[in-house]
Each structure stands twice: as structure tokens, then as C-alpha cells.
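Number of protein chains: 2
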Amino acid sequence: MTRDRSGNLALGPGPEFDRIRRIIERLPGAHGLGDDCGVFPHGGEFIALSTDVSVEGVHFSLDWIDAEEVGWRATAAALSDLAAEAAQPIGILAAVTMPAHAPESDLLDLMSGVGAAAKHAGAEVLGGDLSTGSAWSVTVTVVGRARSPIARRGAVPGNRVWVTGVLGGTRAALGAWQQGKDPLPGARTRFAHPEPRIEAGVWLAQRGARAMIDLSDGLAGDVPHLAAASNVAITIDLDALPIAVEAQAQAKQLDIPVQHFAAEGGEDYELLVALPREFDDASGFTRACGLPLTLIGVVAEGSGVHFLMSGAPVELRGYNHFR
Amino acid sequence: MTRDRSGNLALGPGPEFDRIRRIIERLPGAHGLGDDCGVFPHGGEFIALSTDVSVEGVHFSLDWIDAEEVGWRATAAALSDLAAEAAQPIGILAAVTMPAHAPESDLLDLMSGVGAAAKHAGAEVLGGDLSTGSAWSVTVTVVGRARSPIARRGAVPGNRVWVTGVLGGTRAALGAWQQGKDPLPGARTRFAHPEPRIEAGVWLAQRGARAMIDLSDGLAGDVPHLAAASNVAITIDLDALPIAVEAQAQAKQLDIPVQHFAAEGGEDYELLVALPREFDDASGFTRACGLPLTLIGVVAEGSGVHFLMSGAPVELRGYNHFR
Numbered sequence: 001m002t003r004d005r006s007g008n009l010a011l012g013p014g015p016e017f018d019r020i021r022r023i024i025e026r027l028p029g030a031h032g033l034g035d036d037c038g039v040f041p042h043g044g045e046f047i048a049l050s051t052d053v054s055v056e057g058v059h060f061s062l063d064w065i066d067a068e069e070v071g072w073r074a075t076a077a078a079l080s081d082l083a084a085e086a087a088q089p090i091g092i093l094a095a096v097t098m099p100a101h102a103p104e105s106d107l108l109d110l111m112s113g114v115g116a117a118a119k120h121a122g123a124e125v126l127g128g129d130l131s132t133g134s135a136w137s138v139t140v141t142v143v144g145r146a147r148s149p150i151a152r153r154g155a156v157p158g159n160r161v162w163v164t165g166v167l168g169g170t171r172a173a174l175g176a177w178q179q180g181k182d183p184l185p186g187a188r189t190r191f192a193h194p195e196p197r198i199e200a201g202v203w204l205a206q207r208g209a210r211a212m213i214d215l216s217d218g219l220a221g222d223v224p225h226l227a228a229a230s231n232v233a234i235t236i237d238l239d240a241l242p243i244a245v246e247a248q249a250q251a252k253q254l255d256i257p258v259q260h261f262a263a264e265g266g267e268d269y270e271l272l273v274a275l276p277r278e279f280d281d282a283s284g285f286t287r288a289c290g291l292p293l294t295l296i297g298v299v300a301e302g303s304g305v306h307f308l309m310s311g312a313p314v315e316l317r318g319y320n321h322f323r
Numbered sequence: 001m002t003r004d005r006s007g008n009l010a011l012g013p014g015p016e017f018d019r020i021r022r023i024i025e026r027l028p029g030a031h032g033l034g035d036d037c038g039v040f041p042h043g044g045e046f047i048a049l050s051t052d053v054s055v056e057g058v059h060f061s062l063d064w065i066d067a068e069e070v071g072w073r074a075t076a077a078a079l080s081d082l083a084a085e086a087a088q089p090i091g092i093l094a095a096v097t098m099p100a101h102a103p104e105s106d107l108l109d110l111m112s113g114v115g116a117a118a119k120h121a122g123a124e125v126l127g128g129d130l131s132t133g134s135a136w137s138v139t140v141t142v143v144g145r146a147r148s149p150i151a152r153r154g155a156v157p158g159n160r161v162w163v164t165g166v167l168g169g170t171r172a173a174l175g176a177w178q179q180g181k182d183p184l185p186g187a188r189t190r191f192a193h194p195e196p197r198i199e200a201g202v203w204l205a206q207r208g209a210r211a212m213i214d215l216s217d218g219l220a221g222d223v224p225h226l227a228a229a230s231n232v233a234i235t236i237d238l239d240a241l242p243i244a245v246e247a248q249a250q251a252k253q254l255d256i257p258v259q260h261f262a263a264e265g266g267e268d269y270e271l272l273v274a275l276p277r278e279f280d281d282a283s284g285f286t287r288a289c290g291l292p293l294t295l296i297g298v299v300a301e302g303s304g305v306h307f308l309m310s311g312a313p314v315e316l317r318g319y320n321h322f323r
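So the protein sequences, as listed, match chains A and B.
When you number the first sequence by this note's numbering, it's gap-free, plus one each residue, and the end is 323.
When you number the second sequence by this note's numbering, it's gap-free, plus one each residue, and the end is 323.
Certain hints may be false.
Stated by the list, open to error - Pairs of lysine to aspartate or glutamate, EDC-like flavour, derived with a Cα cap of 20 Å:
(1) B:K119 - B:D109
(2) B:K252 - B:D239
(3) A:K119 - B:E25
(4) B:K119 - A:E25
(5) A:K181 - A:D66
These are calculated hints, taken from the structure and not from any lab test.
None of these values were measured; they are calculated from a predicted model.
Between the sequences and the hints, there should be enough to build the whole structure, so can you do that?
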């Protein structure tokens with residue numbers, strides 16, 4: 001992604017994204033907004049940056065996860081944007097606000113989680129800031145390097161759409177907590193301890209990835225971003241989705257198909273990628289990255305996203321962070 | 001500043017800084033924390049980054065300044081850290097939290113201020129994030145490049161200590177607002193529309209600056225950081241301070257010497273710099289940067305900071321953001 005390639009507003013529909021579009025109109029020089037990372041060329045490659053805010057009561061509750069997990073999760077979510085750009089992490093910065101009377105031990109635990117997630121991804125903690133505030137929040141900014149960053153805009157008709165890992169685990173955890181129950185351990189881990197798919201992003205870029213995005217708004221929210229940015233139509237076969245085992249019970253309670261449940265759940269932090277039609281090495285991906293890679297859709301001329309189940313069109317709702 | 005040079009905890013005394021020291025103990029790989037910027041080498045020079053959070057009710061009130069000024073101020077404060085590193089800004093990222101029912105026009109105005117401050121400094125808006133929260137906050141992360149970054153740690157005995165601009169204007173504005181009055185226009189501008197001293201930082205680096213810091217915690221708070229980082233003693237002659245005219249009336253009301261008022265006031269965002277004894281070109285600085293540059297102290301062997309007025313020692317309090 002270079003500056004002139006990034007003039008396009010790479011966002012799908014939705015009130016959160018309409019708001020971001022109105023901000024971008026006020027910032028005529030802000031080319032990078034709307035992609036996973038902002039990038040600039042430097043020293044023969046590209047520097048990629050992204051910033052991500054996590055707010056208590058909006059993105060997490062300390063009744064659900066502990067302070068160290070809050071720090072890990074916020075940092076992993078930001079690093080996931082580097083993964084989607086096929087960038088290698090270099091460093092992170094963390095700005096924290098905390099209630100005036102919160103125990104300092106929570107702050108230290110939160111920062112331990114930030115540090116652990118950074119170290120796990122090979123990134124250094126380069127800076128931070130600290131303030132009082134009415135609730136806990138942590139804003140993590142990540143910086144990385146990429147020889148050939150992958151934006152959301154490169155998908156072309158004929159490409160195939162793949163997804164890493166399994167979907168719906170985070171939503172299963174949220175659903176359990178919202179009912180006052182403990183989530184299944186696998187679902188809890190998906191929420192509290194997500195893994196940014198750094199290696200996967202680089203591997204896919206080396207195999208010719210044309211466009212990539214990390215799944216923070218859910219498949220139903222993020223496929224439209226990729227389609228809009230690339231100016232193509234995308235059809236997703238919901239029957240093909242790789243689904244977390246923990247999603248079954250929650251979907252059943254809601255009386256919706258588990259495929260809808262998984263496609264509408266956010267914050268799985270898996271990668272959605274458009275690859276050339278010829279790509280055929282999912283088993284090589286799994287050997288290299290320890291994850292499944294699943295073919296779920298195709299790119300065609302046109303615009304918009306079509307979700308199909310048993311061959312029939314399905315309407316899905318995107319996951320809205322701005323709540 | 002390189003990674004191995006930055007292992008030192010470049011912070012003066014105070015409860016906010018004790019807290020940061022305890023965080024750093026939990027992050028053994030976090031070399032850059034405690035300086036104005038974190039830096040890493042890339043492409044034959046250095047990339048410098050800093051992150052700065054501004055919270056409604058802590059750092060600003062929308063009763064005092066409007067949303068566009070909030071955005072400008074938050075961005076200028078973050079850019080000031082690049083100035084103190086002698087770095088040229090490249091880009092900024094802004095993560096905003098806003099109350100759920102706040103008007104969108106305030107958000108757009110705030111982001112216009114962010115964009116204007118970035119453009120003024122030659123930086124691009126590279127990214128952002130948006131969330132609801134219980135109060136307004138904006139976390140600005142800045143990225144820049146420097147051939148020879150200037151840290152806080154390079155002052156050596158015999159250096160002279162200089163300061164750009166004039167001090168105490170921001171505190172004069174805060175004092176007026178806290179009394180329910182309108183500040184004098186010059187003081188209001190200092191608070192609402194600070195200017196990051198980018199050109200000044202680069203000019204001073206080219207003239208041999210040994211150590212530099214921007215004045216966010218006030219002279220009384222920031223000189224100790226520079227002395228601790230450089231492992232030297234610093235003596236400041238308060239009679240020499242360049243003082244904002246607006247500070248006089250506020251100091252008189254508080255019945256304290258205006259020199260104390262100015263030295264204890266925070267967020268002036270001027271640069272404090274240690275220069276070789278031979279430096280003698282304040283008038284050249286003023287011609288180049290349009291600002292005064294004033295000799296206010298000397299560096300000696302030892303440790304700690306001595307503030308003198310009429311030759312007698314004076315105790316001053318640092319400005320504490322963590323309130």
C-alpha cells in the first residue's frame with residue numbers, strides 16, 4: 001500500500017463507518033485511514049502503524065477477565081492489524097487511563113499483559129503514557145515493517161477468499177458472560193488471550209495474497225470492507241465456515257444456525273485473505289502456522305457481498321464496536 | 001539514543017514517576033520508557049515515537065476550550081515530544097473516546113483540530129480509532145525521523161542550560177479559568193493552541209545540543225528528569241527565566257514570586273536544552289526560529305537540581321499530571 005493507492009475509502013456500510021467517512025472528509029490529507037494500518041515508505045521498505053483503543057464497559061469488563069488479560073487482549077488486537085498488513089512487529093506504545101482509586105497492582109498487571117503480548121510477537125515496548133480517568137482504558141499503538149504491505153484493496157475477480165483458524169469462539173464467550181455464566185475454557189481463551197496471526201500474514205503475503213483484513217468486526221462486517229476497498233463483489237459460502245466447537249451451544253440457545261452465529265461474531269482476530277485462484281496449499285499453511293486455512297468464497301466483478309447457505313442468500317448483521 | 005544507551009531510567013523524583021519506574025520493572029525489555037520518545041534504528045537513521053493521552057476533566061475542560069482546540073492541543077503536545085528528540089514529524093494517529101450522546105459535530109471539530117496541528121507540523125494523519133466512553137479522551141501517537149536523536153541523558157559538566165520561548169503562560173490561563181474568569185488572550189492561546197518547537201529542536205541539535213526535554217511537567221518537574229537521566233547536577237538561576245507577561249497578575253494574586261509561578265507551571269511545551277559552554281548564538285536561534293533562547297543554568301558534577309533566586313536556594317514543586 002502506497003500513499004496514492006490508499007486514497008480510496010476502504011470501508012463497508014454501517015453507521016460506525018459512515019462516521020469515519022465523515023472524519024476523513026475533514027482530513028483531506030489522511031490517506032491511510034480506513035485500512036488496517038497506515039503506512040509510509042522508509043529505508044527501502046514500509047513502516048506500518050495502527051492504534052486501537054479498548055475501554056472498560058465497552059470492549060471488556062474486569063468482571064470477565066483480569067487486568068493482565070486486558071493488557072494482553074488490547075495489545076494482541078492492535079498487533080492483529082500488523083498481521084493483516086503482512087508486517088513484522090517492531091514495537092508498541094501503550095497509553096492507559098485508570099480510575100483514581102484503582103489499585104496500582106491492577107495497573108502493573110495490565111502492563112505485564114501488554115509486555116507479554118508484545119514480547120510474544122517480537123515487539124519492544126517503546127513508550128507509554130498514564131492518566132487518571134473515569135474508567136480503565138488502554139490505547140495500544142503498534143509499529144512494524146513490511147517489504148510489501150498487503151492492503152484491503154487488491155482483490156480481483158477470480159481470486160478465492162480464505163480464512164485462518166476458526167470463527168465464533170469470542171462470541172461464544174461473550175454470550176456466556178452476558179447470561180451470567182462461565183464460558184467454556186476454549187471460548188474464554190479466545191476472548192482473553194487472542195493470538196495475532198503475524199506468521200500467517202507473512203506466509204500468505206509470500207504466497208501471493210492480493211488483499212487481507214483481520215476479522216475484528218466479524219465476517220459479516222469485514223468482508224464488505226474488503227469488497228468495497230477492492231471494488232469487487234464477494235460471495236461467501238457459509239456452509240464452508242470453520243467454526244469453533246464452543247459456538248454450537250450458544251447458537252442453539254439463540255436458535256440461530258451456528259454459521260450465522262460465527263459469521264456475525266466479532267473480535268476473532270483471524271485473517272481473511274484473497275488469494276489467486278491457483279493457490280492450493282492449505283496443508284502447507286497448516287504445517288507452517290499450526291492453523292487451518294479454509295476456502296470460503298470467491299471474488300467476482302461487481303460490488304457488494306453475498307452470503308449463501310445451502311445455496312440461498314442470507315442477510316447478516318456486522319458486529320458493531322461503537323456501542 | 002540507541003537501545004543500549006536507553007537502559008537508564010531517565011526520570012526525576014515524584015509519585016507519578018515512581019509508578020512509571022515500577023511499570024518499567026515489570027517490562028524488562030522496555031528500554032525506551034522514560035524518555036521523550038521511544039526510538040529504533042531503521043534505514044540509516046532513527047524512527048522516533050511517542051504517545052500522549054488527554055482526558056476531559058484531567059487535561060482539559062470543554063468549558064474552557066472548544067473541541068477543535070482540544071484536538072489541536074492534544075496533537076501539539078504529542079508532537080512536542082518529537083521536537084525534544086530533534087525528530088522531523090512524519091505522521092500521527094488519533095484514538096478518540098467520546099460519550100455516547102455527545103454530538104458528532106464535536107467529534108468532527110476535534111478531528112479537524114488534530115488534522116490542522118498535524119498539517120502545521122508537516123505530518124500526515126496515518127490512522128485512528130473511535131470508541132464510546134464515559135468522557136472525552138484523545139490519545140495521539142506521533143512518529144518521526146531523526147538522523148541523530150537527542151535524548152535526556154547527554155548533558156555533561158560544563159554544559160549550559162537554555163530554554164526556548166517564555167514560561168508561565170499556560171498556568172496563567174488555568175489559574176484564570178479555575179477562578180471562573182476569562183484568561184488574557186495570550187495566556188488562552190498558550191493553553192489552547194501550543195506550538196510544538198519542531199524547528200527549534202532540529203536547530204539546537206545541529207548546534208551541538210547534548211540533552212533535551214520538552215517542558216510538560218514544568219521547569220521544576222522536568223529539570224530533575226534531565227539531571228537524573230544525565231547523572232549530573234543542574235543549577236537554575238530563576239532570576240534569568242523568560243516569563244510570559246500574562247503570568248504577572250496571576251502570580252500576584254497567589255502572592256508568590258512570578259519566577260516561582262512560571263517554574264512550577266506545566267504544559268508550556270518549550271524546550272529545555274543542554275548546550276556546550278561555547279554556544280553563543282541565541283540571536284541566530286531567534287532569527288531562525290522566531291523565539292527567544294535564554295541561558296538559565298549550568299551543568300556540574302554531582303546530582304540533583306538547585307533552583308536559586310537572588311543567589312539563595314528555593315524549593316519548587318513539579319507539576320503533577322497524574323491527578
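Results for each hint:
1. B:K119 - B:D109: Holds - the C-alpha atoms of B:D109 and B:K119 are around 15 Å apart, at most 20 Å.
2. B:K252 - B:D239: holds, 17 Å
3. A:K119 - B:E25: holds, 15 Å
4. B:K119 - A:E25: Distance of about 15 Å is within 20 Å: holds.
5. A:K181 - A:D66: holds, 16 Å
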